[in-house]
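A.B. asks: Make the full structure from the sequences, and use the hints.
Protein chains: 2
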Amino acid sequence: MSSFTTNARIASFGGRIYKLTHQSTSTGTPMAVNVFLPPQALSSSQKVPVLFFLSGLTCTPENCTDKGFFHAAASRRGMAVVWPDTSPRGLNLPGEKDSWDFGEGASFYVDAVREPFAKGYKMESYVAKELPATLFGDAEFGKYLDKERVSIAGHSMGGHGALTLYLKYPGMFKSCSAFSPISNPSQCPWGEKAFRGYLGEDKEEWKKHDATELVKGFKGEGGDLKILIDVGTGDNFYKQGQLLPENFEKAVKDAGLKGAEVRYQEDYDHSYYFISTFAEDHVKHAAKHLGV
Amino acid sequence: MSSFTTNARIASFGGRIYKLTHQSTSTGTPMAVNVFLPPQALSSSQKVPVLFFLSGLTCTPENCTDKGFFHAAASRRGMAVVWPDTSPRGLNLPGEKDSWDFGEGASFYVDAVREPFAKGYKMESYVAKELPATLFGDAEFGKYLDKERVSIAGHSMGGHGALTLYLKYPGMFKSCSAFSPISNPSQCPWGEKAFRGYLGEDKEEWKKHDATELVKGFKGEGGDLKILIDVGTGDNFYKQGQLLPENFEKAVKDAGLKGAEVRYQEDYDHSYYFISTFAEDHVKHAAKHLGV
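Keeping their order, the protein sequence lines are chains Y and B.
The numbers in our numbering rise by one with no breaks, and the one at position 128 of the first sequence is 167.
The numbers in our numbering rise by one with no breaks, and the one at position 76 of the second sequence is 115.
Because the hints were derived from the structure by calculation, they are not lab data.
There could be a bad hint or two in this list.
Pairwise CB distance ranges, derived in the manner of DEER restraints [as the list claims (entries may be wrong)]:
hint, chain 1, residue 1, chain 2, residue 2, range
1, Y, Glu187, B, Leu81, 40 to 50 angstroms
2, Y, Gly280, B, Glu187, 46 to 56 angstroms
3, B, Glu154, Y, Tyr303, 55 to 65 angstroms
4, B, Asn131, Y, Arg235, 43 to 53 angstroms
5, B, Glu231, Y, Gly134, 31 to 41 angstroms
6, B, Lys327, Y, Glu231, 50 to 60 angstroms
7, B, Met40, Y, Thr272, 23 to 33 angstroms
8, B, Glu305, Y, Gly67, 50 to 60 angstroms
9, Y, Lys327, B, Glu305, 52 to 62 angstroms
It should be emphasised that the depicted structure is a prediction, and the values quoted were computed from it without experimental measurement.
No residue lacks a Cβ here, since even glycine has one placed at the ideal position from N, Cα and C.
C.D. replies: So, in structure tokens, the structure goes:
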């Protein structure tokens with residue numbers, strides 16, 4: 040029996056989008072997650088590779104499923120896409136809904152240690168451990184998904200999530216890509232607020248969840264990164280210093296690492312109009328490292 | 040000076056999405072409209088062909104701009120896309136907001152004659168006359184758009200709009216395509232409610248706004264239609280008899296007309312997940328008849 044309740048099963052681009060919920064032990068709540076199975080998964084007994092996409096502040100799984108168009112490109116390459124939610128919902132913790140950049144819809148994909156968020160805000164465990172294990176072992180979905188060929192991508196806060204999980208769990212994700220990632224959260228207002236609220240005041244702890252800090256010690260995959268980053272030069276959050284991709288670039292360079300490409304896309308903003316434009320490039324990047 | 044106020048100008052797929060408003064004389068209200076200019080329009084002095092897309096019940100210009108993905112395909116072919124709104128807004132007429140399938144967001148693209156909707160619900164005049172004239176003559180946008188190469192498409196109520204305007208104004212639109220169109224509104228609950236409310240009880244009047252009736256007398260373009268229709272077999276509104284594409288097919292056949300292809304897409308529903316899947320086919324269909 041599947042761990043997932045299928046709330047909708049929708050034909051799209053020759054495959055199917057599933058809108059699912061399941062009970063999470065990490066968060067103690069029901070979690071929403073959308074999954075695209077490409078036509079190749081449905082028409083053969085061969086398992087397909089999987090791209091996890093982590094969304095940004097305020098998003099649910101719906102935003103990127105509707106507007107990111109990853110599944111258009113993934114359909115052509117026989118890749119599944121998994122869109123998790125951005126936080127637990129319904130915990131009703133004090134302060135959880137006070138701001139759009141902290142709490143509900145804004146987990147920053149860390150395991151919170153500070154109360155009250157330590158109760159349930161365990162999104163690193165959820166995304167990196169529980170959700171993959173549940174999907175790959177699932178009676179309904181496991182047979183389609185190749186747990187050995189998994190990549191990760193994300194946008195903004197989800198770009199931070201994708202980069203940090205890629206760096207923290209070497210080998211688990213064969214590649215990583217990000218749109219407008221919060222690349223150095225310890226040094227920007229969004230990240231400082233979130234890390235203080237979820238992790239506390241100890242800035243040494245923050246470094247364990249900051250891509251620019253983590254990359255300095257990266258030893259996985261023979262030291263070669265497989266990272267693609269796109270940032271729009273018209274992105275107001277980039278201009279305001281929330282993203283700081285240059286800090287990440289410098290850390291990569293200083294560490295003598297190869298394989299991280301950062302592209303600055305003229306005039307593009309922070310929206311899904313930007314993401315959808317380059318979604319195919321990100322699917323191609325993943326496909327190259329997933330052997331499809 | 041442009042007739043349009045540019046509320047947003049967003050880079051996407053190498054071109055730009057403009058989110059505009061302008062004061063309409065047809066409706067007596069400000070009207071929202073989104074426009075995509077492809078890279079080819081911005082980088083050369085040659086005017087590009089234009090695809091108008093009419094949305095369905097409840098939609099604003101945002102829904103299809105966000106989720107229809109027409110501009111991805113239009114970008115590759117050097118085509119502009121124009122997404123008008125589905126009704127005037129803000130008239131505050133009695134009954135205008137009582138239901139989701141009549142009144143605001145549900146104009147059916149006719150010129151209402153019945154009060155109170157005769158005041159302002161002149162969406163046929165707006166879409167077929169005022170908006171094209173305003174765009175093509177505009178100081179800012181006119182220079183990009185080729186008024187001699189225009190096609191029309193739409194979804195559901197907007198599919199009805201696209202088909203009827205194509206048939207009513209022979210030669211104005213070089214081709215027409217529709218997703219899940221309300222193909223015989225005189226014979227379905229949605230259409231009956233709308234036509235009664237906008238046009239009155241005289242069913243002979245209804246026939247002038249019903250694609251299945253209009254096609255019987257079609258004489259334009261040497262009698263050849265240039266119509267592509269996609270309908271999903273999993274579409275609940277299709278199953279409930281709101282769309283009736285078979286009636287349109289039969290009328291085309293009985294009239295001895297050629298050039299109307301109706302495709303039934305297995306398992307697809309009424310949503311933008313369906314539209315976006317086949318948006319490229321509809322852009323190709325328009326491109327063929329627009330010479331790009």
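A.B. asks: If you check each hint against the structure, which ones fail?
C.D. replies: Per hint list: 5, 8 and 9 violated.
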